[in-house]
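Knowing the structure of chain W, use the given hints to seat chain Y on it.
Sequences listed follow chains W and Y, in order. Its first residue numbered 1, the first sequence is counted upward by one per residue in the numbering used here. Its first residue numbered 1, the second sequence is counted upward by one per residue in the numbering used here.
Hints are computed from structural coordinates only; laboratory data are not their basis. Each residue gets a CB set at the ideal place from its N, CA and C atoms; glycine is no exception. Watch out, some of these pointers could steer you wrong.
[To be verified] What the simulated footprint calls covered on chain Y by chain W, stretch by stretch (three residues with Cβ under 8 Å from a Cβ of chain W suffice, anywhere in the stretch; the number is not a length):
no., region
1, 33-47
2, 228-240
3, 258-272
[What the hints assert, rightly or not] Derived list of chain W stretches under chain Y, where covered just means 3 residues or more per stretch with a C-beta under 8 Å from a C-beta of chain Y:
no., region
4, 229-238
5, 285-296
2 protein chains.
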Amino acid sequence: MLAVDVGGTTIRAAAVRDDVVDCLHEVPTPAAEGPRAVLDRIGETVAAVRRAADPGAANRWTVGVGSAGVVDTRTGEVLSATESMPGWAGARLVAELTRRLDLPVRAVNDVHAHALGEARSGAARHARSSLLVAAGTGIGGGIVADGRLMAARHAAAGHIGHVPAEAARGLACPCGGVGHLEAIASGPAVLAAFRRAGGDGVSTTRELAEAARDGDPEARAAFDRSGRALGSALGGLANVLSPEVVVVGGGLANAGDLWWPSLRRAFDDELIPAVRGLTLRPAELGDDAALVGAAALWQTEDLQEVL
Amino acid sequence: MLAVDVGGTTIRAAAVRDDVVDCLHEVPTPAAEGPRAVLDRIGETVAAVRRAADPGAANRWTVGVGSAGVVDTRTGEVLSATESMPGWAGARLVAELTRRLDLPVRAVNDVHAHALGEARSGAARHARSSLLVAAGTGIGGGIVADGRLMAARHAAAGHIGHVPAEAARGLACPCGGVGHLEAIASGPAVLAAFRRAGGDGVSTTRELAEAARDGDPEARAAFDRSGRALGSALGGLANVLSPEVVVVGGGLANAGDLWWPSLRRAFDDELIPAVRGLTLRPAELGDDAALVGAAALWQTEDLQEVL
Numbered sequence: 001m002l003a004v005d006v007g008g009t010t011i012r013a014a015a016v017r018d019d020v021v022d023c024l025h026e027v028p029t030p031a032a033e034g035p036r037a038v039l040d041r042i043g044e045t046v047a048a049v050r051r052a053a054d055p056g057a058a059n060r061w062t063v064g065v066g067s068a069g070v071v072d073t074r075t076g077e078v079l080s081a082t083e084s085m086p087g088w089a090g091a092r093l094v095a096e097l098t099r100r101l102d103l104p105v106r107a108v109n110d111v112h113a114h115a116l117g118e119a120r121s122g123a124a125r126h127a128r129s130s131l132l133v134a135a136g137t138g139i140g141g142g143i144v145a146d147g148r149l150m151a152a153r154h155a156a157a158g159h160i161g162h163v164p165a166e167a168a169r170g171l172a173c174p175c176g177g178v179g180h181l182e183a184i185a186s187g188p189a190v191l192a193a194f195r196r197a198g199g200d201g202v203s204t205t206r207e208l209a210e211a212a213r214d215g216d217p218e219a220r221a222a223f224d225r226s227g228r229a230l231g232s233a234l235g236g237l238a239n240v241l242s243p244e245v246v247v248v249g250g251g252l253a254n255a256g257d258l259w260w261p262s263l264r265r266a267f268d269d270e271l272i273p274a275v276r277g278l279t280l281r282p283a284e285l286g287d288d289a290a291l292v293g294a295a296a297l298w299q300t301e302d303l304q305e306v307l
Numbered sequence: 001m002l003a004v005d006v007g008g009t010t011i012r013a014a015a016v017r018d019d020v021v022d023c024l025h026e027v028p029t030p031a032a033e034g035p036r037a038v039l040d041r042i043g044e045t046v047a048a049v050r051r052a053a054d055p056g057a058a059n060r061w062t063v064g065v066g067s068a069g070v071v072d073t074r075t076g077e078v079l080s081a082t083e084s085m086p087g088w089a090g091a092r093l094v095a096e097l098t099r100r101l102d103l104p105v106r107a108v109n110d111v112h113a114h115a116l117g118e119a120r121s122g123a124a125r126h127a128r129s130s131l132l133v134a135a136g137t138g139i140g141g142g143i144v145a146d147g148r149l150m151a152a153r154h155a156a157a158g159h160i161g162h163v164p165a166e167a168a169r170g171l172a173c174p175c176g177g178v179g180h181l182e183a184i185a186s187g188p189a190v191l192a193a194f195r196r197a198g199g200d201g202v203s204t205t206r207e208l209a210e211a212a213r214d215g216d217p218e219a220r221a222a223f224d225r226s227g228r229a230l231g232s233a234l235g236g237l238a239n240v241l242s243p244e245v246v247v248v249g250g251g252l253a254n255a256g257d258l259w260w261p262s263l264r265r266a267f268d269d270e271l272i273p274a275v276r277g278l279t280l281r282p283a284e285l286g287d288d289a290a291l292v293g294a295a296a297l298w299q300t301e302d303l304q305e306v307l
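Same shape as in the complex, but just chain W (with noise of 0.2 Å):
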């Protein structure tokens, strides 16, 4: 299968076997040039990607796409997307990825590609169901019920940054509500609540979890706060969803220690009896879990088994 992640800053496209990525390209997503070019370049750089991965031309292949933005599953389009994307929302995704590669496409939204491979060969892949978590620019997720993916009406599911969170009172979330999870627990919330509290000096999340670590006791605080935050809704969330795993991936499961005995602590407090002990585990495929899932896109004949 040919596979590939449209992110707002880049395309990645890749031939995944047996769920191991290979013959990798990577290309900044020409976002700025509209939907068009955008469409153009996913469609040379998969065609680049089959050509390396079959020169002779031998094979049958079909193309999975994880893509940013809310994808409606069964009509290929993208329904909704973030400024980071200027005119993506309404693009007909498939069709036209269809007539620029003459290969049968299939996709879902980035995050919901993301869940399936680490539901399929990564931190999940002992489960029936699970929560996969992405806390990085956003708070994202995607729900795996007995091996199909939840997308629900208008392929929405999964917007688990957009659960009201105590620690949240009165911040503005990027949706336009107030008091939503994704405004204390993103990354760039995270950053937000350092300055908040008077810290300056680091421009970006990065920047901020080194100050944190050379002791710097805002900066601490402000990845502290994240943490409970998102541990206290993942934990709620828990109860509802009876998830055999909870798995947390994105750039903010990168910052080890600040963050991870906050998250768990949180978490754990919140499980009621009949899901206490559920285990909250990093992801483990990291930016190949997207590859990996829109591939597993075609692992049955019928989309509608996956979803």
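Leaving out everything else, chain Y in the frame of chain W:
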């Protein structure tokens, strides 16, 4: 189909044909006498319904059970139950009723049965995916995705009363945790909130509702707070689950204008653009929902196609 709804105080059994409840028998649950007495009473009641519905014993019957407690849908055993049914945890519900009735038996949790019933022929009958909420003595729920009930690990999915809620800050929850939705939004929690605010003179949630309708400001505030807390939590869950409809039943759903406007406003305020305009509506089947849902356990050859 024969269907039975096993609660801590009442056993209700009926014949269900085309989702219509017939030959309803109601008897008290001999909960204090232990699980064997309860199983005997269920068996007798279902047998009585069968005799009434089919005096000539001409038909082949199957039995669907919705029962209090967490019911393992694979083994048919009760995994856990509250104090209202001593010893019910551990009951081999399906095996014991099969033996007593000599009929095929399937069982799920009663709130799950309730959700299946509303999804099949109640307020969610036109939806492929729905979230059903039962707000009464506790706050329970069931998630239906693409016509299947989400049971998940240990059949425990749907415990929506146990998400963190800001309004419940510091309040003990019946689950043993602190700060969960159920601690502010259930019927008993509304009464407790009224008393914490200095209110007295009423001993039940129903009396409190009367006091509120008579204009008692503390009573009105308690219902308003409950509705807002539930609405906010349901809005967050709607963002995560993206159902086509959210259905609210249970005793509190009868509180009318004391409760619904606060619930709706808080719900709408949480919704992200991808799910904005989502329908929130009252349950329609009342006490029949669990019977219709229990009967629906036999809608397919394989129970796992329902779950």
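Hint check:
no., hint, verdict
1, 33-47, "violated (count 0)"
2, 228-240, "holds (count 7)"
3, 258-272, "holds (count 4)"
4, 229-238, "holds (count 5)"
5, 285-296, "violated (count 0)"
Going through the hint list in order, the structure does not satisfy hints 1 and 5.
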